[in-house]
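Student: Given the sequences, and given the hints that come with them, work out the whole structure.
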Amino acid sequence: MTAADVLLLALGAIAVGAGWRVVITSHLVRAGLWLVVTLGAVAGAYLVLAAELVAWVQVLLYVGAVVVLLLFAVMLTRAPIGASSDLDRPGWTGLLVGGGAALGLGALLLDGYRWQKVDAPAVGSAQLLGGEVFRHWVLPFEVLSVLLLAALIGAIVVSRPAPGDDSGSR
Amino acid sequence: MIEVIIRVLGVVVAFLTLPLLVGQAEHKVMAHMQGRLGPMYAGAFHGWAQLIADGVKFVQKEDVTPADADRPVFRIAPVIALVPYLVALLFIPLGPRDWLVGQPIDIGLFVVLAVVGVGVVAVLMAAWSSANKYSLLGGLRAAAQLLGYELPFVLAAASVAMAAGTLSLPGIVAAWRPWWLLWQLPAMLVFFVAGLAEIRRPPFDMPIADSELVFGYMTEYTGLRFAFFLLAEYVGIVVISALTAVLFLGGWKGPLDGQLGWLWTLVKTFAVSFVVIWVRVSYPRLREDQLQRLCWLVLVPVSLGQLVLTAAVRVLA
Chain A
1 MTAADVLLLA
11 LGAIAVGAGW
21 RVVITSHLVR
31 AGLWLVVTLG
41 AVAGAYLVLA
51 AELVAWVQVL
61 LYVGAVVVLL
71 LFAVMLTRAP
81 IGASSDLDRP
91 GWTGLLVGGG
101 AALGLGALLL
111 DGYRWQKVDA
121 PAVGSAQLLG
131 GEVFRHWVLP
141 FEVLSVLLLA
151 ALIGAIVVSR
161 PAPGDDSGSR
Chain B
1 MIEVIIRVLG
11 VVVAFLTLPL
21 LVGQAEHKVM
31 AHMQGRLGPM
41 YAGAFHGWAQ
51 LIADGVKFVQ
61 KEDVTPADAD
71 RPVFRIAPVI
81 ALVPYLVALL
91 FIPLGPRDWL
101 VGQPIDIGLF
111 VVLAVVGVGV
121 VAVLMAAWSS
131 ANKYSLLGGL
141 RAAAQLLGYE
151 LPFVLAAASV
161 AMAAGTLSLP
171 GIVAAWRPWW
181 LLWQLPAMLV
191 FFVAGLAEIR
201 RPPFDMPIAD
211 SELVFGYMTE
221 YTGLRFAFFL
231 LAEYVGIVVI
241 SALTAVLFLG
251 GWKGPLDGQL
261 GWLWTLVKTF
271 AVSFVVIWVR
281 VSYPRLREDQ
291 LQRLCWLVLV
301 PVSLGQLVLT
311 AAVRVLA
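Those sequence lines, one after another, are chains A and B. First residue of the first sequence: 1, per the working numbering; consecutive thereafter. First residue of the second sequence: 1, per the working numbering; consecutive thereafter.
Be aware that a few hints might be false.
Pair by pair, the computed Cβ-Cβ distance ranges are [said to hold, decoys possible]:
1. B/Glu3 to A/Gly12: 28 to 36 Å
2. A/Gly91 to B/Asp289: 51 to 59 Å
3. B/Asp210 to A/Leu9: 46 to 54 Å
4. B/Pro255 to A/Leu9: 52 to 60 Å
5. A/Leu61 to B/Glu3: 28 to 36 Å
6. A/Ala107 to B/Val8: 29 to 37 Å
7. A/Leu70 to B/Ala312: 35 to 43 Å
Hints listed in this document are in silico derivations from the structure and should not be mistaken for laboratory results. Just so you know, even glycine gets a beta-carbon here, dropped at the ideal spot from N, CA and C.
Tutor: In structure tokens, the structure reads:
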């Protein structure tokens, strides 16, 4: 085992452990903070795999924006300090869904790759990634951006008061 | 290995001295702009040791954690506020050669932007875990502000990266020409203003707003932990000023830049820091709605227009 392998395993353990805490903890806001640890560890794993750009995109978008939005929403509505006793759900549904998804994905990956080795590009630099995205993957990229645009317009429509409705915020 | 240690030590030294210099400059500049003297006694000559005295004072103060606070989160938040700026300093180059950068890297600009964005998590942690309504209000304001201003901040930086054709900070300076001062002027203004908002400096200090929120998300902090937040603010000034200097003002370019390049970077950084202080003294605090309006109705459109302009020039030229 090389140093990179050890590092990757350690980061994976951190990610899984923190992810476990996200689900298990009954402190609402702390769950969001554990999510930061999980996403940070995954970013670290990307760095070890030499996918620099993906790692920092993960930090910029997920840690810097998505989790912040999530925490912001939680704090705007209800964010008690200490444990919330009414958060518990029956564990077996979570186990069924989470375990099923993990097993299915794992089986799929194992079946897809068996034990064959795949050569990774040396460094996932911005140039390489940009070239790939805009040469081979332009269509999915554009379709995704249309999807995001649709979501954006949807958010604007939902948050605007209906015409003639004075009860909306003003 | 030794080289890495020396580099990190160099960055730590910069981390410990530059914010102090900016802080002392702020004391004096603010004082003179307001027709008073500022600190005069500490250290005998024009109060040069005032900040050191302040530091000693902070260390001596009691470290209080409120009884209702979420202890671990409350205690770790100041550290998380400080670390991103320390990491950002690693990647900002002083000069063209590798030994003048803490850690030369190909996508330095992107890393710095990503890391600086993490600071908001610390603000939210501090705000929520304090169990104080003023803290929480301040934190929510900070989150709304930072999320909004992150957009023009990144877009303005993207414009320069596009103009230079690289995400590497030394690469951007290498591609920089004096006429970029004109062409990239809107991006520079947007970047500077959004940067001010990112580090919550006046007039964008709505999250702290001492006349209405006590001290925002820092209300419950005392002693060294409070000092950490203050230090984070001053390192933030250094980082934003240095980034502005490197991205828009040509970094180490200037007369005699063969030998004195690093000095030019420092001079430009301090010049921008001076403007940061100047703006603080000159402008009243923006109200929350004015703040959001400025971001979404002025800065975002201007930065998008700048992107279009940059792209057009790049394609046509």
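Student: Hint by hint, which ones does this structure get wrong, listed from lowest number up?
Tutor: The structure breaks hints 2, 6; every other hint is satisfied.
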